[in-house]
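Peer 1: Below are the chains, spelled out letter by letter.
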Amino acid sequence: MAPLLSVKNLLVEFKTRAGIAKVLNNVSLDVHSGEILGVVGESGCGKSMTALSIMGLVPSPPGNVAGGTIELNGEDLLSASNKRLHQMRGKEISMIFQEPMTSLNPVFKVGHQIAEAILLHEKTTKALAWERSVKMLDRVGIPEAAIRANSYPHEMSGGMRQRVMIAIALACNPKLLIADEPTTALDVTVQAQIFDLLRELQRETGTAIIMITHDMGAISELADRVAVMYAGHIIETGDTKDILSKPQHPYTRGLIACVPHLEENPSEERPYLAEIPGVVPPLTDLGKGCTFAPRCDFRTDDCTGSQPSLSKISDQHSVSCFNLNTVAS
Amino acid sequence: MSIENLLEVNDLKVHFSKKKMFADPVVVHAVDGVSFSIPKGKTFGIVGESGSGKTTTALAVLRLVGITSGTVELGGQEISALEGEDLRLARRQFQMVFQDPYSSLDPRRRVGDIVREPMDLMDIGEEDARDEKVRELFVKVGLRPELTELFPHQFSGGQRQRVGLARALASEPELIVCDEPVSALDVAVQAQILNLMRRLQEDTGVTFLFISHDLGVVQHLCDHVAVMYLGQIVEQADRITLFKNPKHPYTQALLSAVPRVDSHGSHTERQHLQGDPPSPINLPKGCRFAGRCPQAMAICHSEPPALQEIGDRHLASCHLL
Chain A
64 MAPLLSVKNL LVEFKTRAGI AKVLNNVSLD VHSGEILGVV GESGCGKSMT ALSIMGLVPS
124 PPGNVAGGTI ELNGEDLLSA SNKRLHQMRG KEISMIFQEP MTSLNPVFKV GHQIAEAILL
184 HEKTTKALAW ERSVKMLDRV GIPEAAIRAN SYPHEMSGGM RQRVMIAIAL ACNPKLLIAD
244 EPTTALDVTV QAQIFDLLRE LQRETGTAII MITHDMGAIS ELADRVAVMY AGHIIETGDT
304 KDILSKPQHP YTRGLIACVP HLEENPSEER PYLAEIPGVV PPLTDLGKGC TFAPRCDFRT
364 DDCTGSQPSL SKISDQHSVS CFNLNTVAS
Chain B
14 MSIENLLEVN DLKVHFSKKK MFADPVVVHA VDGVSFSIPK GKTFGIVGES GSGKTTTALA
74 VLRLVGITSG TVELGGQEIS ALEGEDLRLA RRQFQMVFQD PYSSLDPRRR VGDIVREPMD
134 LMDIGEEDAR DEKVRELFVK VGLRPELTEL FPHQFSGGQR QRVGLARALA SEPELIVCDE
194 PVSALDVAVQ AQILNLMRRL QEDTGVTFLF ISHDLGVVQH LCDHVAVMYL GQIVEQADRI
254 TLFKNPKHPY TQALLSAVPR VDSHGSHTER QHLQGDPPSP INLPKGCRFA GRCPQAMAIC
314 HSEPPALQEI GDRHLASCHL L
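Just so you know, the protein sequences line up as chains A and B, in that order. Start counting the first sequence at 64; every next residue gets the next number (this note's numbering). Start counting the second sequence at 14; every next residue gets the next number (this note's numbering).
One or more of the hints may lead you astray.
[Stated by the list, open to error] Calculated from the model, a selection of chain A residues having no Cβ within reach of chain B, i.e. all distances over 10 angstroms:
{"no.": "1", "residue": "K172"}
{"no.": "2", "residue": "G269"}
{"no.": "3", "residue": "L373"}
[Unchecked claim] Some chain A residues close to chain B (C-beta under 8 angstroms, calculated; not the full set):
{"no.": "4", "residue": "L318"}
{"no.": "5", "residue": "P323"}
{"no.": "6", "residue": "N328"}
{"no.": "7", "residue": "T367"}
Everything labelled a hint here was simulated from the structure, so no lab data went into it. Model, not experiment: these values are computed from the prediction. We treat Cβ as the ideally placed atom computed from N, Cα and C, and that holds for glycine.
Make a model of the complete structure from these sequences and hints.
Peer 2: Rendered as structure tokens:
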């Protein structure tokens, strides 16, 4: 089956005072209908920029998509006109952001903001659009939806606002939803509610989701497949189960091991956490070797020569590392 | 008790009252009767959601917000009763590390001066020896000593938090209060800082009061943990007991809400809390958690439960127990 979204060899550069920053390097990923793809990595690894590129929202200048292709249902998004992109955003691809307070308009009622998305993309009357926005609010689990549609964003809690954002994003039944750290600003009990909601809506509508996060726990809860990013590269991708139980890339291993995971049965022994030494290299000066080499325990001479390509180690699982055998043993 | 307690907090209350023009003032019960104690050299964690009062508790212990009632004792000295110069000098014994390493360091001063300032203010050690002490502190927190000449913007987030720790250590305090010290950092850097905190505690015997919303971090770092909900401690126990055998329905729900890396595919069995915490202005008459509690009974809505001892140093407030 052809993928819904296909990103191939995407290159995105930013002009900065320190030189050209390569924020995305040869990023390739596929998303199929009805699946949830998790994109995970630290800040500055390019995960949000991948999302913005797909939406056609890379700020330009200083940003520039220097190469590659992005296709949605076979349609090339990079060469699409602004008008066409405008039609697609909200209708075919929607996005929800990290901070639900700043992404809603504070001076309009939330019902109005949902109706706006519907009126923009469909021929319908204002009254019908309002009716549908009340239905959407009900569907995302807001009690007394007909009354709450008249509320302004400041009258709602963080969790409620994120539900409104999801309602706006899903109002026109998009084929693809990009969720950029949708629960980072929320408390854990509310985060659990939002995860339940996303999972339920995804099951009902079959919308594909790209879930961007830094939290391996969130990936484990929601995603079917994962792409791990580091310094603008996808360094490992595969089924969530495989990545979490058999991570191959030294960075993925480090990322899973350095987080103190909550255990149901904690032991008296408390070993120190595994550390990934050093910091992410500046994107303006990546050198020609593997971007992770300076922080890697398994570094060899090969690693400083060139960036390893993403190669398959099983049907679904790909890794970019020269020393997979030594890492595994 | 065999272990000496460094910090004793007793029935601490912090209420904020907001004047209204044509109505009675509104009172926010940010911290409402919190008691706990921390043995010397241990780490005490307070967890809770936003608005639970954990940060206000920390600020009250540090005397950075007005205490409405209750006492705070540090090493036998009642710091909640100190005023003026006495309070200023006592601050040497309790320092703080802040959440945001970007806004908690003065951007116009060299980091070496920032770390030296507490020593100057408290007149600690010989003046000539202070710069040497700053360099020692830098080494202690894992920074190269020649970096003292740089400005905060030249550091990464993790390095800045190391500077924050060095500043907190400069006056050789007994207690360091850490308010979400790692939540603004990336996970790889977070691990470095958490390990550093544990090493510093082993070296210097400093006591930590650690505020966090991240249960994984608290489980890793803290010896004793209190769970707060709407200004009150609902459960408190040592680390093993609390995470292995949580008794309060809120603690249970909080633990079950955390996404786990090993749980792939098993998420359907969990029960999740509905709704949001009520406002700390119009508090419910009975148990503050009753409105969201899956096991609420009639009594829960009319009578507030008392915090009672249900095991060895294990306290919980719930009518079910």
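Peer 1: When the hints from earlier in the document are held up against this structure, which numbers fail?
Peer 2: Hint 7 is the one this structure does not satisfy, whereas the remaining hints hold.
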